[in-house]
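Using the sequences and the accompanying hints, generate a full structural model.
Listed below, chain by chain, are the residues.
Protein chains: 2
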Amino acid sequence: MKSGAEVKSDIEIARAAKKKPIQEIGARLDIPSEHLLPYGHDKAKVSAEFIAETRNNTDGKLILVTAINPTPAGEGKTTTTVGLGDGLNRIGKKAAICIREASLGPCFGVKGGAAGGGYAQVVPMEDMNLHFTGDFHAITSAHNLLSALIDNHIYWGNAEEIDTRRVTWRRVMDMNDRALREIVCSLGGVANGFPREAGFDITVASEVMAILCLATDLKDLEKRLGDIIVGYRRDKSPVFARDIKADGAMTVLLKDALQPNLVQTLENNPAFVHGGPFANIAHGCNSVMATTTALKIADYVVTEAGFGADLGAEKFFDIKCRKAGLKPAAAVIVATVRALKMNGGVKKEDLGAENVEAVKAGCANLGRHIENVKQFGVPAIVAINHFHTDTDAEIEAVKAYVAEQGEEAILCRHWAEGSAGIEELAHKVVALAESGVSQFAPLYADEMSLFEKIETVVKRIYRGSEAVADKSVRNQLKQWEEQGYGHLPVCMAKTQYSFSTDPNLRGAPTGHVVPIREVRLSAGAGFVVAICGEIMTMPGLPKVPSSEHIFLNDDGQIEGLS
Amino acid sequence: MKSGAEVKSDIEIARAAKKKPIQEIGARLDIPSEHLLPYGHDKAKVSAEFIAETRNNTDGKLILVTAINPTPAGEGKTTTTVGLGDGLNRIGKKAAICIREASLGPCFGVKGGAAGGGYAQVVPMEDMNLHFTGDFHAITSAHNLLSALIDNHIYWGNAEEIDTRRVTWRRVMDMNDRALREIVCSLGGVANGFPREAGFDITVASEVMAILCLATDLKDLEKRLGDIIVGYRRDKSPVFARDIKADGAMTVLLKDALQPNLVQTLENNPAFVHGGPFANIAHGCNSVMATTTALKIADYVVTEAGFGADLGAEKFFDIKCRKAGLKPAAAVIVATVRALKMNGGVKKEDLGAENVEAVKAGCANLGRHIENVKQFGVPAIVAINHFHTDTDAEIEAVKAYVAEQGEEAILCRHWAEGSAGIEELAHKVVALAESGVSQFAPLYADEMSLFEKIETVVKRIYRGSEAVADKSVRNQLKQWEEQGYGHLPVCMAKTQYSFSTDPNLRGAPTGHVVPIREVRLSAGAGFVVAICGEIMTMPGLPKVPSSEHIFLNDDGQIEGLS
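So the protein sequences, as listed, match chains D and S. Take 2 as the starting number for the first sequence in my numbering and just add one per residue. Take 2 as the starting number for the second sequence in my numbering and just add one per residue.
Treat the hints with care, as some may be off.
Stated by the list, open to error - SDA-like cross-link-like pairs, simulated, lysine to any residue; straight-line CA separation at most 25 angstroms:
{"#": "1", "chain 1": "S", "residue 1": "K375", "chain 2": "S", "residue 2": "A432"}
{"#": "2", "chain 1": "S", "residue 1": "K21", "chain 2": "D", "residue 2": "D43"}
{"#": "3", "chain 1": "S", "residue 1": "K375", "chain 2": "S", "residue 2": "G345"}
{"#": "4", "chain 1": "S", "residue 1": "K256", "chain 2": "D", "residue 2": "G110"}
Treat the hints as calculated values from the structure; they're not laboratory data. Predicted model only: the values in this text are computed from it and were never measured.
Below, the structure is given as structure tokens:
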């Protein structure tokens, strides 16, 4: 909450929203109601038939919202994405928002919602933070069907000769459950199979999630699912999902989930909320289906990418845009005075006091992200997401710094004021997007070797001195190149808190060494994951989980989601 | 398929259905469209507000469809339930159908759909056999949230002193996955908790599923969830879900799932498809919410119970009707000539040949079920679900046998002809239901001891000579009685293929001993499970799972569901 006790909580604001029937929201983008598959009165999926019909439309302008490195102070990337979408509509543009779906598991842990905040939210926020339209449940089912089919294949004779020690496909659950991270399964005797080590990841970490977010249609989805490597034989040759005939049924389970979800902002503007891959071990962007569809039916599409620009924007450009042929017209980099102060060395408990010097010091982090985004040929503008403790001097310090970089920083008050607080940014973004200055190109060419791609990101984006990796890692990459996977982009899995692999190293470090500890091939999603540190793919719950405070009040309303 | 190649498959018939918008179906029962929460254009949930408003309406007549003991020949209980609902509408009655939801897991194993068959189906059958409105996913999530909270409670200090060897709450997944039946979890070191034995059941076997099906409103749901016993302390005292503060968040996850789902038959008549507990270790009936709501807005409600009448009807009467205060007006017992022949000793491969003597011999099974249903004070009528190989002599043999029992058997051709083929039964059922002869009473009184309740079912329904149990089982029952659970009904878990515990003992055996191997307390659902044989709570997949033949065809239609 940004100010005193009179300020309403996110859930109170969301509950008071005057939602319009989803058919009216669809009509704003000329989607006929028969092509909206409703889920309740305020959510709908856009039909595959309608999407196919729009394929030859001209594309609107794509605007990426990214951010400085996240800090515990929060930066408000989703809030700004939603606010900018509302702002563009306010100034008369036909604009749509594309954001990611929220994961159910973390809702019961420490995290609140993922639908924006204040007066820049997407609704119905309760549904979006719970089951929504069932997409994640469908992904869980498809993933676990494949898991069951693998053990079943082994049980009934193992015709594909899968090495049970080398089954790489785990199981998933949309829950924070540390007890499932590492298990031994198939215990209890002959009827239960061959005991082996296994484990669960959270659903958002599933390769099926990444596939759903990158697939361009049902055929492409089915092909990618078939391409999944489930494990290896003793001779190290891969066994594919296709080999055990799992791809057809998995596609059937995901048929509806592939269709983008349409909801609305508090100001009744259209928002596509679809897909939500783990920004660590996947690319962390809204689905290609949603983004490309929105571009066909809106003049401006505002989307976000996970974490800070070093991770999120890089993957957005190098994986999503590269693969889907998207050409972003502009990027907005979100910063808050508080987060800049933390990047400048201030502790969280001291954020309330004015500290212009710390703001200036922290601006180095922002400056690095501006430079990085421009490396992709995309023009950038800075949004200062206003917080009530910000002082004029602090705000001026940010503006001055950004001006020195040759760019502009705009103060935005969408959290407190909705679209009225972000008009200036909306006008500037339109001007930037229409200027034609964007000359988007990915950072590296497909033809580069996998390790060179990793090195390129490390040196040019993270500003490390080098990427280092054991021989086994380099050999693995070479082997994949020999198997025909050398053209894939790399998906960096690194802490989101720093340009380096040390989460405590804030600001704009240089010269650090980036160790590549492990590499994983997501053959269905179509990228090679380079792991530069501990990556937790199944979170745990805290000592007092937020679930303890989530309940239905006497009016049947949900309390405890925020 | 009942006849030659010209006959359409269930999925072909379902696909050709002329579905009406779900709002029109709701209007048939005077449900305003604002109280229908749509899921696509052909499915909807009925709002809790509307249900509350109907609470003071007069009840319609409740008709139970049950069956002889199932055989591999099939008896068509759901098909007859759907057909009778259509038949009642055809003769001008305001009738609704209440059936159970299908489990996703078995769809990919050997089983086809669970939406009826031929021209007596509920649609959209593909959705119903896949994610439908997400109820089972919500149950899976609520169940596994509790599981995660248990291990998390232990991890963070175990304030409730749960004995990790006595955690009785497992995890669930809606998938046939034998590898998860028995696992060791929390491996991998300190950060992952305390290793212990654990395992997964299929979602339909979850106590949460039974609770959802018995709950009368959200408050009752929350209370029952809190009453779940998750495990025991070293002193054997129970730890409840409420003790670890799980009930509120579980209720929030199940808020939408508690609202009954409305769909339609091929003939556009309303069908409530809601809940689907495992008829083995739970009571196996459509939800109380759906049945009671349907009774308030329809004049006739046709519902079914799992398996044969010995298991399904007994639990329907003794658990569901007792707990929900329902008073069934009539029962229909479904039989097929083929299944009677199998009960008379014929092998499946010989079912095509006429065998009147075998039919007569098998009728003993049918006769026993007629007697049993009448013990509850409910009048019964027999539906002969016609199959094209049935001969006139065979059908006459059944009719003659039933007439000897003082009841009537009606030949029904709803599979091939829809409602036109079941008009006679519809008229007879109306006459029976309106006759006022039903004097329903459960088989045993709440006050009886738990073991006496078990004995009563064994002797009066199964016609066994006695129920036997080890001292440990009897002591456990006594302990629960001391803890205040003595008033609960018993939920028998027995093979569905025989009145005895030997699945191969068909017909109408008497004098058999029924061993009670184990008892389980479902304190939230409100019954004590008496296990009389092997009960598999997590199925496996066959050598060639049906998933291998499930895929999207070039028109985007689902193939392989039936």
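Check the structure against each numbered hint from earlier and tell me which ones fail, lowest number first.
none
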